[in-house]
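For the protein sequence lines, the chains are A and B, in the order given.
Here this note's numbering runs 109 ahead of the position in the first sequence, where the first position is 1.
Just so it is clear: in the second sequence, position 156 is 153 by this note's numbering, and no numbers are missing.
No lab work stands behind these hints, which were simulated from the structure alone.
Only true hints are included.
Derived lysine-lysine pairs resembling DSSO-like cross-links, with alpha carbons at most 30 Å apart: (1) A:K296 - A:K257; (2) A:K296 - B:K144; (3) A:K360 - A:K296; (4) B:K115 - A:K170; (5) A:K257 - A:K170; (6) A:K296 - A:K151; (7) A:K151 - A:K298; (8) A:K296 - B:K115; (9) A:K151 - A:K170; (10) A:K257 - A:K360; (11) A:K298 - B:K144; (12) B:K10 - B:K115; (13) B:K115 - A:K298; (14) B:K115 - B:K152; (15) B:K144 - B:K115.
The following label-pair restraints were derived from C-beta to C-beta distances: (16) B:S92 - A:R297: 31 to 37 Å; (17) A:A124 - B:T2: 23 to 29 Å; (18) B:V37 - A:S378: 35 to 41 Å.
Quick caveat, the model's predicted, so the values are computed rather than measured.
From the three backbone atoms N, C-alpha and C, an ideal C-beta is built for every residue, glycine too.
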Amino acid sequence: MIPGSYDYHRPASLAEAVAMLADLGEDARVLAGGHSLIPMMKLRLAQPTALVDVARLPELKGMRVEGGELVIGATTTQQELAASEELAARCPILREAALLIADPQVRSCGTVGGNVANGDPGNDLPALMQCLDAIYVALGPGGERRLKARDFYRGAYVTALEPGEILTQIRIPEPPAGHGWAYEKLKRKVGDYATAAAAVVLTRDGATITAAAVALTNLADTPLFAQAAGDALVGTAGDEAAAARAAEAAKSLMNPAGDGRGPADYRASVGAVMVRRAIARALTRAA
Amino acid sequence: MATRTVSLTVNGKPVSAEVEDRTLLIHFLREHLNITGPHVGCDTSHCGACTVDLDGRSVKSCTLFAVQADGGEVLTIEGMAAPDGTLHALQEGFSAMHGLQCGFCTPGMITRAYRLLKENPNPTDEEIRFGISGNLCRCTGYQNIVKAIRYAADKLNSPTLQEAAE
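Make a model of the complete structure from these sequences and hints.
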């Protein structure tokens, strides 16, 4: 399969990339790792007239901790995310989820920014970022905007990103020390998108859960932040009855498509199971 | 038709060619350079038969434009053996442990395993399986592929031990 013709551009700076995108118009696309875009171009489902390759821009690289926030440059690869000891120590769900994306070769190219900006409901990091209440930083001709991951996704491949904007950073408020976490993903095989997946981050005081966030992957045409599921856990010990209420609250949001991964009702059922498992595993890890 | 000059080091040799922007790295290697070890298998980023090493990471060359690799260093199965023809420990392992049946996945398996052993010189069998999870063998000969990689790891870690065992 051969992609359609396009013009390749490699800007030397982020400012040049933004200007290029504005000049090239709406049929130009940003190219980072290319592991969503190039397969789409090979299938001719995407036929951009121009690509602006941001993979080498130093402004978009690297991970750091900054004033209580974990800051991840958009072109950080999923492999680099998984390999970061500092992020794994402060927010271990990042590594757990990153290692469940695709396979080693794909993770070595696929970027964090591309995974969250593309708006594919099958991608794992969007729900994770909703669970962690991340902020996405977008830069466009009109300047910089900060967008909450929880408000970012509008539909399949439709996001709050404006044409001409580049997602430059992901900023995650550092979860409190001793928090519990789990990303549970059911998939048919390595490399497949989730049949259903759930991210849970919680904190507790003694046996009582004081804060909890639950988000879901591939169970609707966007990732889902399940506010009511988290609320159902707060004030409880996360016992079976509370976990079942949380799973039920999450399930009420799910609207998966029936596909090769199973009929819609099956996927919602296992979606609820993923929530219960993630809660149980998060509790084993919480201080 | 947008074209540009792409310059790479492939298996230690500098190469340069005028290619279309849309040319994928796998086609650049196979059709422009006649390096046919990396295979086109699924052509959809799943099977790993096209795996090559690019600047110290394993990549699927069917899912990368040649222009993205511009200036990079590529290693393919053709670059694994020593110049005198002595096989790399992985190639020897795949032979000794019967790590191939039809052989179609083998170049990708070996180039992937090469990077895996650089990153983790003494992997457990489970780590080997996780490390090659982006490479499919449709003969399903994974058991012996894992043994072949284990053989190579042991040999690379302790060449003298390996000689004593022979």
